[in-house]
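Whenever a hint applies, use it, and build me the whole structure from the sequences.
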Amino acid sequence: MKQILIIPDINNLDEDIKLADKYSLGFEYNDFFYPDVLDNKDKLNEIVAKYKNNKIPGYSTVHGAFFDVIPFSIDSKIRQVSMLRIEQSIDVAKQLGAKAVVFHTNYNPFLNSVAYVESWIKENIKIWYDIIKNNPDINIYIENMFDVTPDIMLKLGEGLSVHNNFGICLDYAHASLGKVAPYIWAEKLGKFVKHIHINDNDLVSDLHLAWGKGKINRELFYESYEKYMSDATVLIETSLMENKLYSIEVLKNEGFI
4 MKQILIIPDI NNLDEDIKLA DKYSLGFEYN DFFYPDVLDN KDKLNEIVAK
54 YKNNKIPGYS TVHGAFFDVI PFSIDSKIRQ VSMLRIEQSI DVAKQLGAKA
104 VVFHTNYNPF LNSVAYVESW IKENIKIWYD IIKNNPDINI YIENMFDVTP
154 DIMLKLGEGL SVHNNFGICL DYAHASLGKV APYIWAEKLG KFVKHIHIND
204 NDLVSDLHLA WGKGKINREL FYESYEKYMS DATVLIETSL MENKLYSIEV
254 LKNEGFI
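For the sequence shown, the numbering used here gives the first residue as 4, with consecutive numbering after it.
There may be inaccurate statements among the hints.
What the hints assert, rightly or not - For each label pair, taking beta carbons as the anchor points, the in silico distance ranges come out as:
(1) 61 x 190: 27 to 35 Å
(2) 118 x 18: 45 to 53 Å
(3) 137 x 79: 38 to 46 Å
(4) 15 x 128: 36 to 44 Å
(5) 113 x 56: 43 to 51 Å
(6) 133 x 71: 15 to 23 Å
(7) 77 x 140: 28 to 36 Å
(8) 53 x 210: 23 to 31 Å
(9) 161 x 73: 19 to 27 Å
(10) 184 x 245: 27 to 35 Å
What the hints assert, rightly or not - Here are the computed lysine to aspartate or glutamate pairs in the EDC-like style, where the Cα-Cα straight-line distance is at most 20 Å:
(11) 194 x 245
(12) 230 x 245
(13) 197 x 154
Keep in mind the hints are simulated off the structure, nothing from the lab.
Don't be surprised by glycine CBs; every beta carbon is placed ideally from N, CA and C.
If you want it as structure tokens, here you go:
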């Protein structure tokens, strides 16, 4: 049975818990990637406590910090803060008993000289190799964000898959905005994909619409999932309750769940 997740709204937690109970959903917490939360220990602990004091699902993931998180920067100060944010995200995930934490590549596709790309791949494999090795008790997933092709992700997968707790998070909506059809991303990366983000868009902007409200070819996604990524967990990455409900109905009606 597929493990489907939703994003809980801490201000509407009872409704999200009811929805999760009804459909056996997990949670992907989106509360902890904001710098103002990570810098406010009391606020962070308050949010963690509220979740832990409620009947949250047994399966969960955490979306890690990503705003300006560039651990591969040539600026040592930026690297230092980026590593702090990564460590904070992993710590929160462990506090919540999450199975995984998701981070972005934050790769800039406009910096595409051969020398830069080769250096980027080498440096990121080195950085994430150590992070993953030092945290064997939690999965670390790397997500495509600005990437326009799956090539960089493929190299990361090849360099990091020696660790059982590494995986790629394929954001299918992000992939639909790139230069390569998203089902090709699934084909190339599928053996490394352990987690997937889905929502819909107009194939131009990252709109985070309800699944079925945009132009993404859903049938190709379902086919790609079954063929290349059938063990991956799937997050319905949209925040409004009405969008979660609509997405679930579409996924049910189309036989995905």
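Cross-check of the supplied hints:
no., hint, verdict
1, 61 x 190: 27 to 35 Å, "holds (32 Å)"
2, 118 x 18: 45 to 53 Å, "holds (51 Å)"
3, 137 x 79: 38 to 46 Å, "violated (20 Å)"
4, 15 x 128: 36 to 44 Å, "holds (40 Å)"
5, 113 x 56: 43 to 51 Å, "holds (45 Å)"
6, 133 x 71: 15 to 23 Å, "holds (21 Å)"
7, 77 x 140: 28 to 36 Å, "holds (32 Å)"
8, 53 x 210: 23 to 31 Å, "holds (29 Å)"
9, 161 x 73: 19 to 27 Å, "holds (22 Å)"
10, 184 x 245: 27 to 35 Å, "holds (29 Å)"
11, 194 x 245, "violated (33 Å)"
12, 230 x 245, "violated (30 Å)"
13, 197 x 154, "holds (17 Å)"
Checked against the numbered hints given earlier, this structure breaks hints 3, 11, 12; the rest are met.
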